[in-house]
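J.: Sequences and hints are given; from them, build the entire structure.
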Amino acid sequence: MDWGALHTILGGVNKHSTSIGKIWLTVLFIFRIMILVVAAERVWGDEQDDFVCNTLQPGCKNVCYDHFFPISHIRLWALQLIFVSTPALLVAMHVAYRRHEKKRQFRKGDQKCEYKDIEEIRKQRFRIEGSLWWTYTSSIFFRLVFEAVFMYAFYFMYNGFQMPRLMKCNAWPCPNTVDCFVSRPTEKTVFTIFMIAVSSICILLNVAELCYLLTKFFLRRSKKAGNPKHHPNHENKEETKQNEMNELISDSCQNTVIGFS
Amino acid sequence: MSWGFLRDLLSGVNKYSTGIGRIWVAVVFIFRLLIYIAAAENIWKYEHDEFECNIKQPGCENVCFDHFFPVSHIRLWALQLIMVSTPSFLVVFHVAYRENREKHHNQKLYKSPGEIDGGLLCTYLISLILKTGFEIVFLVLFYKLYNGFEVPRLVKCDIRPCPNTVDCYISKPTEKIIFLYFLVATSCLCIVLNLSELSYLIFKYSIKCYLKRYIKKCQ
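Chains as they are written, first to last, in full-length UniProt numbering: chain U, 1 to 261; chain X, 1 to 219.
Simulated from the structure, these hints should not be mistaken for laboratory data.
Incorrect hints may have been included.
Listed next, the in silico EDC-like pairs over lysine to aspartate or glutamate satisfying Cα-Cα at most 20 angstroms (straight line) [claimed, not checked]:
id : chain 1 : residue 1 : chain 2 : residue 2
1  : X       : LYS45     : U       : GLU101
2  : X       : LYS45     : U       : ASP50
3  : X       : LYS45     : U       : ASP179
4  : X       : LYS216    : U       : ASP50
5  : X       : LYS204    : U       : GLU101
6  : X       : LYS156    : X       : GLU50
7  : X       : LYS212    : X       : GLU99
8  : X       : LYS208    : X       : GLU99
9  : X       : LYS111    : U       : ASP50
10 : U       : LYS188    : U       : GLU41
11 : X       : LYS15     : X       : GLU115
12 : X       : LYS15     : U       : GLU41
13 : X       : LYS204    : X       : GLU115
14 : U       : LYS108    : X       : GLU115
15 : X       : LYS45     : U       : GLU47
16 : X       : LYS15     : X       : GLU99
17 : U       : LYS102    : X       : GLU50
18 : U       : LYS103    : X       : ASP66
19 : U       : LYS188    : U       : GLU47
20 : X       : LYS45     : U       : ASP49
T.: Next comes the structure, spelled out in structure tokens:
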């Protein structure tokens, strides 16, 4: 069980996402999860061992480390990535529920059911409309909330995004104010700024996706109100082509990710 | 053999679960297993090395660490994950038994081997009760072993060979407390999911039974 398993779970959601959603997923896996696993974990790997305080008093280092790093950057990022990925599961569950209902209809031999066999139901891609639109929009909203909360928590806990070289500590049992030195502060600052920048990009993508979905919703409503006749087949063909292209792009990106992980 | 093995087994369980059962599997995978592997394991990795006592007496640190951590949090967490996942396999075994029986007799004995009815319903209910039981047992164990869910910064130790009462400092106590609370919260969530699934199944099948009897009476 590792980040690859999360990738498998979320990969299924990719099929039912918008184009911006697919870009978001790619950014998440390549610029956040991969960077975390391949680089950031090594930078923070020796953090407590190499955290050195200018004192021989046993226990002082432990206490000072705990005081300045209540929860390590790397753990906070891991939690952030997990929380930010989970709203997509709401969409996956909704799609699974719809598929289940269609399968039930098919098995009962319902005349209204337009599928020829179970395989077609399994492979079908649902359009983001109706109740699925609400689920999808709520999942984007929750993603935004989690991103914002974690960025704020980061800023609040570490007084900004910079890792200082030297910290002064006078928690008991340190005998007086003691100098403590953090290991690799510059490298940690660089990675922190990188992760914050990518978080911000993800927030922007989510906001763009939300606006896109809302615009589509209002346009559809005004179309329905203004023009009851429309050509569903023509719309479907164009959208199917676009979706196939998007899937090709995202599949090739994901293959690269799998190759690395 | 690693957590991937458990993950593969649990994915098989998903097929024969109710909707709430699938949510339970998702919660276990993502909020417990993934958090354990991606974050929690590393926090407790060097807990013995980083446990420091204010004394040079050889053996004192070892003895004090052993006294305050008879079973490490992280091992208890791993045991809990394993024990809580295993009752689900009872259902998988029962379905496999049903399919085997059908093959052996070469005829259709059940409407669908994976459908939760009759004997499989009992197995499913037993697995839910066992899961909930294990969750509660482990939470109580955590509570009793560690005096509530706390990890102090400083513990005082006076066990031989420590010459007198010695201050010992635990590493990363705040981070450990945060993740312990996370563990407790997800355990409680899983208990709630199991209990809702139990009530849902009991309610659904009592209504079914009652309706059947009512229809028979009318006829």
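J.: Quickly compare the C-alpha distance for LYS45 of chain X and GLU47 of chain U to 20 angstroms and report which way the hint goes.
T.: holds (12 angstroms)
J.: What's the verdict on LYS188 of chain U and GLU41 of chain U, does the C-alpha distance respect the 20 angstroms limit or exceed it?
T.: It holds: about 11 angstroms lies between the C-alpha atoms, which stays within 20 angstroms.
J.: Taken at face value, is the distance from the CA of GLU99 of chain X to the CA of LYS15 of chain X at most 20 angstroms?
T.: holds (14 angstroms)
J.: When you check the alpha-carbon spacing of LYS103 of chain U and ASP66 of chain X, does it fall within 20 angstroms?
T.: violated (57 angstroms)
J.: So if I understand the rule, the pair passes when the alpha-carbon distance is 20 angstroms or less; does LYS15 of chain X with GLU115 of chain X pass?
T.: holds (10 angstroms)
J.: For the pair supplied as a hint, LYS156 of chain X and GLU50 of chain X, confirm whether the alpha-carbon distance does not exceed 20 angstroms.
T.: Between LYS156 of chain X and GLU50 of chain X the Cα gap is close to 16 angstroms, so the pair holds against 20 angstroms.
J.: For the pair supplied as a hint, LYS216 of chain X and ASP50 of chain U, confirm whether the alpha-carbon distance does not exceed 20 angstroms.
T.: violated (77 angstroms)
J.: Under the criterion that the straight-line Cα-Cα distance not exceed 20 angstroms, is the pair LYS45 of chain X, GLU101 of chain U satisfied?
T.: The hint is violated at about 46 angstroms.
J.: For the pair supplied as a hint, LYS108 of chain U and GLU115 of chain X, confirm whether the alpha-carbon distance does not exceed 20 angstroms.
T.: holds (16 angstroms)
J.: Checking one constraint from the list: CA of LYS111 of chain X to CA of ASP50 of chain U, max 20 angstroms. Satisfied?
T.: violated (64 angstroms)
J.: Are the Cα positions of LYS212 of chain X and GLU99 of chain X separated by 20 angstroms at most?
T.: Not satisfied, since the Cα-Cα distance of roughly 27 angstroms exceeds 20 angstroms.
J.: Between the alpha carbons of LYS45 of chain X and ASP50 of chain U, is the straight-line distance 20 angstroms or under?
T.: With a Cα-Cα distance of about 15 angstroms, the restraint between LYS45 of chain X and ASP50 of chain U holds, given a limit of 20 angstroms.
Checked against the numbered hints above, the structure violates hints 1, 3, 4, 7, 8, 9, 12, 17 and 18; every other hint is satisfied.
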